[in-house]
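> Sequence:
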Amino acid sequence: MTEIWDTERELLEATARDLTAKGYDVVIEPSPNLLPAALSIFRPDAIALGREPKLIVEIASEGAIAAAKVARLQEALAQNPEWKLHLVISRVKRTSLSVMPNELIAPTLDSAKKVAQIEPRAALLLGWSAFEAVSRARRPSVFSRPQSPGRIIERLAAEGVLTPTDAAFLREMAHARNAFIHGDLTQTVDLSQVERFLSTIECLLSAAPWSTLTPE
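With my numbering applied, the sequence shown covers 746 to 961.
Mixed in with the good hints, there may be bad ones.
Claimed, not checked - No more than 25 angstroms apart at the CA atoms, straight line, and that leaves these computed lysine to any residue pairs for SDA-like:
1) K859 with D935
2) K767 with V844
3) K814 with S893
4) K859 with K767
5) K859 with Q938
6) K858 with F914
Calculated directly from the structure, the hints in this document are not laboratory data.
With the hints as extra help, turn the sequences into a complete structure.
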């Protein structure tokens, strides 16, 4: 690909389209249970199935940290010969976002509750902003850059920050959010769902430091 992409997400989606055109079934931000244990720990950006070999899709920037991860991934792939690495080098400028204090996140949740009474879908979007802000505040090194909802959910679920029930619910809300934000105006969400979503975020905001759970 020679196009210039504004974000790594756009680059990932373009890569997925390219692989789909070649006959693969692409899963972006796959659940760990779709991969062998030795590969699931790397949390690949996507996987491509339906043809041989199966592919681990990784969007990697140039630099020592990314190179070290790719090297470890290649070692794991050597033990799983049915899988191959599909590496895409990104030259997208990575932007780090500021960490928001609780004093700014809490009012956003309060605003979302008020908006929910009028337009639940708009409240859902406000809620996702707060959810990402909470996650970045607790895991600044992991979530320093803009994140997709799916990556945050899978990371927090794997760490035990989210219960399996909450993670499953948030995946449903992420699907609704993605559909709506990308122009599917037929997408609906119930007030009760949004209220549960906002309540989940409030619990994360008020919980003890997440560092007491699974270490990063």
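> Are the hints correct? Go through all of them and say.
Cross-check of the supplied hints:
Restraint check for K859 and D935: satisfied, since their Cα atoms lie roughly 14 angstroms apart, inside the 25 angstroms limit. The straight-line distance between the Cα atoms of K767 and V844 is roughly 41 angstroms, outside the 25 angstroms bound, and the hint therefore fails. Simply put, K814 and S893 have alpha-carbon atoms about 20 angstroms apart, close enough for the 25 angstroms limit, and the pair holds. Pair hint K859 plus K767 does not hold up; C-alpha atoms about 47 angstroms apart against a cutoff of 25 angstroms.
For a cut-off of 25 angstroms, the pair hint linking K859 to Q938 stands: about 14 angstroms separates their Cα positions. Only pairs whose Cα atoms come within 25 angstroms are accepted, and K858 paired with F914 is accepted, the gap being roughly 18 angstroms.
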